[in-house]
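Engineer: If you want the building blocks of each chain, they are given just below.
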Amino acid sequence: MITFFTIMLSATCFFCLFRVIGGPTPPDRTVAIDVLGIVVVGFSAIMALITGHDYFLNIGISWALLSFIGTMALAKYLEGRGFDE
Amino acid sequence: MMKKMLFHFLMLFGVWLLFTWTLEIPDVIAGVIVSLILAVLLNSIFDGEVTSLLNPVKLFWAIIYIPVFFYHMMVANLDVAYRVLNPGLPIKPGIVKVKTKLKSDLGKTTLANSITLTPGTLTVDIKGEYLYIHWINVLSDNVEEATKEIVDKFEKYIVRFYG
Amino acid sequence: MSELSTAAAVFISIGVAFDLIGGLGLIRLPDIYNRLQAATKCVTLGTCFILIGVLIQFGFTSIGVKAILCLAFILMTSPTAAHAISKGSHDFGIKLWEGSVVDKLAEDKSKE
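Protein chains in written order, with my numbering: chain A, 1 to 85; chain B, 1001 to 1163; chain C, 2001 to 2112.
Please keep in mind that the hints were generated in silico from the structure rather than gathered at the bench. Do not take every clue at face value.
[Claimed, not checked] Cβ pair distances, simulated, as ranges:
1. S1052/B - L66/A: 28 to 34 Å
2. M1/A - K1092/B: 38 to 44 Å
3. M1005/B - E2003/C: 32 to 38 Å
Note that this is a predicted model, so its numbers are computed, not measured. Quick reminder that beta carbons are idealized off the backbone N, C-alpha and C, glycines included.
Could you build all of it, start to finish, from the sequences and the hints given here?
Structural biologist: Shown next, in the form of structure tokens:
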């Protein structure tokens, strides 16, 4: 069952990577990176389920917040403004 | 002023307790110190609108809002999943303009985030009292009708706790 | 690990399926705004379901409570990020897909 979950999530990651590599415009890549960040949080939840250790969810929380900041920086870049506005 | 700082302190301390999930004395003391420093330092950044939730009536409506929101979110996801899996791609996208009655920034943010997570709609921009919304299946490009279709079902709840 | 309970397995399966649909939407839909629709909504809800499944499996232990925190952060950050990307790409000059019906934002921008 768990193997099935990890395979499905890996497939989602590959879809995102396809869009990161082949996306025709910069915003397409930004969206794919954002989605990849959220999928990795799901992965860390699955890892916590497999191992029973709680630090995988610490990784998940940090990953969610950091990927949000990264996405905001990329979005500000797309808007054509500086990072401190 | 003090009320705002105390509210943020309690919020940060609550998150700390949930995050460490122990009640050992050194951990709790470290949490109190860190939350106090953050609450004092960041006091000028927070605008303190969240403190309106201290009113029990408003808190009640905010809690009522959560299941309503989850219901609309489930419907939205089934709808989008249907559109993605259908081989004919039945989409009719466009950006429409809607009007909101909400005044406070926090209320507008809550409304915009709710709209983004629910049926086929995505907030693109906010200018004053108008929201620009990307709609995956445009039913009407008229401002009033689009407002009735998209905004009303959330606004009647949000207006009760964020005004 | 302990044995996976049925309720947790059901919730995690639904979540993973929604994640997969979101990824598929990222590939299939024609332009950036539609991709954002599928990607943010389906993937956010899918990950929320996975976290709820983890919460059901472990109950209110340290893992379950961290899953709740993670869920709250994802629900707050994901729509904001989607909003930022869509505004950024509209300012970047990405046009809507040719089958689109109306673009009020571009009309209002050209008036100014």
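Engineer: Hints first: check each against the structure and report whether it holds.
Structural biologist: Here is how each hint holds up against the structure:
1. Restraint check, S1052/B to L66/A: a C-beta distance of roughly 30 Å satisfies the suggested window 28 to 34 Å.
2. At roughly 39 Å, the beta carbons of M1/A and K1092/B sit within the given window of 38 to 44 Å.
3. The hinted range of 32 to 38 Å is not satisfied by M1005/B and E2003/C, whose Cβ atoms lie roughly 47 Å apart.
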